[in-house]
Amino acid sequence: MQSDQSSAADSKLEVADEVDEAALASVMRTVPLGAAVLAGTMVALLVLGYLLIYTLVFIPRGTIG
Amino acid sequence: MSDTPHELQESRILRTELLWAFGVGIFVAASLSMIVFTALTIKINPPSNVERIDPKTLHLSGEFAEQNLGTTVFGDGTVIVRAIATQFMFVPQCIAVPANRRVTLRFASPDVLHGLLITGTNVNTMVVPGFVAQVHTEFTRTGDLLMPCHEFCGQGHSEMWATVQVLPADQFKPGPDGRVSCAQR
Chain A
0 MQSDQSSAAD SKLEVADEVD EAALASVMRT VPLGAAVLAG TMVALLVLGY
50 LLIYTLVFIP RGTIG
Chain B
0 MSDTPHELQE SRILRTELLW AFGVGIFVAA SLSMIVFTAL TIKINPPSNV
50 ERIDPKTLHL SGEFAEQNLG TTVFGDGTVI VRAIATQFMF VPQCIAVPAN
100 RRVTLRFASP DVLHGLLITG TNVNTMVVPG FVAQVHTEFT RTGDLLMPCH
150 EFCGQGHSEM WATVQVLPAD QFKPGPDGRV SCAQR
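In the order they appear, the protein sequences are chains A and B.
Under numbering that gives the first Met the number 0, the first residue of the first sequence is numbered 0, with each subsequent residue one higher.
Under numbering that gives the first Met the number 0, the first residue of the second sequence is numbered 0, with each subsequent residue one higher.
Please keep in mind that the hints were generated in silico from the structure rather than gathered at the bench.
Take these hints with a grain of salt, some might be off.
Claimed, not checked - On the chain A side, residues computed to face chain B include the following (Cβ under 10 angstroms):
(1) Leu-37
(2) Ala-38
(3) Gly-39
(4) Val-42
(5) Leu-44
Keep in mind it's a predicted model, so treat the numbers as computed, not measured.
C-beta atoms are modelled at their ideal positions from N, C-alpha and C, and glycine is treated no differently.
Let the sequences and hints guide you as you build the complete structure.
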């Protein structure tokens, strides 16, 4: 790199923060819970949709075999 | 020796994953139980009939010869519908069936792959040349239902459809030979 060009590393905004182990551990105590709640809610909605279609559309359409 | 934060985090993730796997296991078991329950109680099963037929000669003699196509009521009350799916029509074009009575639908193709569904019902099958597609069902509502071909079978595919006329018991009257045709309108 030529000396008249600036590097992204010169800007503090562009450089990753130093990871504080204690802070990371405290964040990781809550983040997985949030991810589980989000994924659980989405899967629950999907299952609910499946059950509604199964009971309100598929079953009333009659037997098949 | 106490666990490091990293080990605590690992064990927490493992617990979450096990819990999730347990939930998924419950869901899969519940879905399978529901399928088995409906199969045993209200006879809802995936149609699974493996029966071969020669596509080159099926229209010449035997079950799918022209005089056998359509709806037939047998002495024991069994209702069997036979139809041919061919490019680009169903033969016959209109099928009369009784409401609230078990009906066996049998289809064969002399040319290419076809498929069919009957609107508003769970009847939905492919008609593979060389095999007889068979579906047992019971129609619960009277009226005319559309039965289109749902497997692309060539240039005329979009014109290939038939009508299923579901008749109430008092209008479903087999002739002396047991045959029933669509009511003239």
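The hints, checked one at a time:
The closest approach between the C-beta of Leu-37(A) and any C-beta of chain B is roughly 12 angstroms, which is over the 10 angstroms cut-off, so the hint fails. Among the interface hints, the one on Ala-38(A) holds; its C-beta lies about 8 angstroms from the nearest C-beta in chain B, closer than the 10 angstroms criterion. Because the closest C-beta pair between Gly-39(A) and chain B is about 8 angstroms apart, less than 10 angstroms, the hint holds. Given the 10 angstroms rule on beta carbons, the hint for Val-42(A) holds: about 8 angstroms separates it from the nearest Cβ of chain B.
Taken as an interface hint, Leu-44(A) does not check out: its beta carbon lies about 13 angstroms from the nearest beta carbon of chain B, beyond 10 angstroms.
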